[in-house]
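A.B. asks: Each chain, written out:
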Amino acid sequence: MAKEFRTLKTSVNLPYELAYGPIWTRFFDGLLNKKILGTKCPKCDRILVPARSFCPRCFVDTPEWVEISHEGALTAWCLTNYRYYGQPVEPPSISALIRLDGANVDFLHLIGGFDLGDFELVRRKVKNGMRVKAVWNEERKAQIFDIKYFEPV
Amino acid sequence: MGNPVAIIGIGQTEHGKRMDVAYPELVREAVVRVYEDAGLEPDDIEGIVSGTMPSMMEGVALTHFYLADAMASKGKTILKTETCGSTGMSLAHTAYYWVSSGIADLVMAVGHEKMNEGDSQATMTTVGDPFYQRYFISGAPGVFSMQSQMWSVRYGLAEEKIRDAAAFISLTHHDSAFDNPYAHIKKRLTAEEIKTARIITYPVRLWDVCPNSDGACAVIFASQKMVKKLGIKKAAWVKGVGFSGEEQFFGDSDKAVWQSAVLAVRQAYSQAGIKNPLKELDVAEVYNPFTFQEMMFYECFGFCELGEAPDMVLRGSFTRNGDLPCDPSGGTLCTNPIGATGLIRTAEAALQVMGKAGDHQIPGAKLALSHAMGGIDQFNGIMIVGSEL
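Taken in sequence, the protein lines are chains A and B.
Mapping to the working numbering: the first sequence position 98 is 98, numbers consecutive.
Counting from 1 along the second sequence, just add 153 to a position and that's the residue number in the working numbering.
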């Protein structure tokens, strides 16, 4: 048996105040009003959601705003059965990529609104390509959880 | 390609839960060993490049300052390179570029992590931005599970077949780890145990995912002039490097055929003059923290056609006796001190082509690929090494 040595218990807790900037502010104000907003790249014509101030591929400004559908199709999903320190999402949960109608990129969020307790049932129910729609939180705070999750249509 | 560069020394710690040593002592263990292996002294080295995954894994920022003494860096140029999971590969690249440019003749790369001292998954969650992504990426496994799931559906791969192939990979790598004196998890498993283990992030179960390891790896890179001057006989020459990145938003690019992996390997193959990797490579150290994802890499690297990996795996094509042995060291799946892990891949590839891999040596290996990936499905890096200049 190896000798046990002392350990130091310590922690780092740091407060931050992060700037949203004008584009993300407008996006999150949109969520407050049950709107999902994207921006369109004038060069590649892709509609990006969440909204961006510039296209990451073309590196040009994306000044044109587009309102995106609350509905879309599931691109990928993953059931998480693990509790992550400091995270608000309780396990089990399903993270998902969703291609909202009209958008050219996938939106990362949760799917839910059904029983996640029995994994075999979940696996039979959740399929790529299935239609889902946003379920809004009653109390919205201009943050990503203004959308509670996306539920199967 | 710039000037020729060779790997002439490798030092690894015994990886695992290393609460028996403080972080600087752990790093020094690898550094002492690399100098012994290369027959050099710290004074011989001109520059040091150091890296971890996110520094806050151990609660100390800018670890290259904390670990400066452990790397004998006084009076030397010190750099830090950090690219998340691919940090170790980026360390190898940084050292390679440094020597290849002709600025230095001897540079040491040191990758290190002590994952058991903090909450590794909580730390990784902070890689995601807190506006949009942090709450949904589920540490590391979430995004990579989604990626594997996307891949399996895209190619219409039967869930049972992928499950069997993933279990095959897990079983063979865990067996291989017994032949690697530095590997962390050494466990004899059965396919049944692997397939019925606890779900972490579906389809990833306990034995499909890498451990939290403490460990360090140090590698010395030398110019051709220095190899000659030191009279070194066994060296691993860098034949090709490639690195590619993707957008910050996880949903911005298709991950089912991972473009950054494809582009990185294409760049490295082009430099190394490799046309048929399955035939030309003798061994590969693929960064494989997840069994399912390892199969995607086989396809992205051209070891087989898209959607063909599970069949090839089940045929034994990538075992130690197969067409292209992958991860004879047990790979990331059995040992993952993250900041060191990518560098361990390169170190293991180098050991293979130098004929110094001991019990997990692939007989006669002359050309080896090493790889690492990182970010929120964002970065891939490759280094190919060979026994001849």
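I should point out that these hints are in silico values taken from the structure, not numbers from a laboratory.
Source: prediction; values computed, not measured.
Do not take every clue at face value.
[Stated by the list, open to error] Have a look at the derived ranges for each label pair, beta carbon to beta carbon:
1) 167/B to 115/A: 41 to 47 angstroms
2) 339/B to 115/A: 36 to 42 angstroms
3) 344/B to 22/A: 52 to 58 angstroms
4) 542/B to 66/A: 37 to 43 angstroms
5) 142/A to 468/B: 31 to 37 angstroms
6) 433/B to 5/A: 47 to 53 angstroms
7) 118/A to 219/B: 45 to 51 angstroms
8) 254/B to 43/A: 31 to 37 angstroms
Ideal Cβ placement from N, Cα and C applies to all residues, glycine included.
A.B. asks: Run the structure past the numbered hints and jot down the numbers of the failing ones, going up.
C.D. replies: 4 and 5
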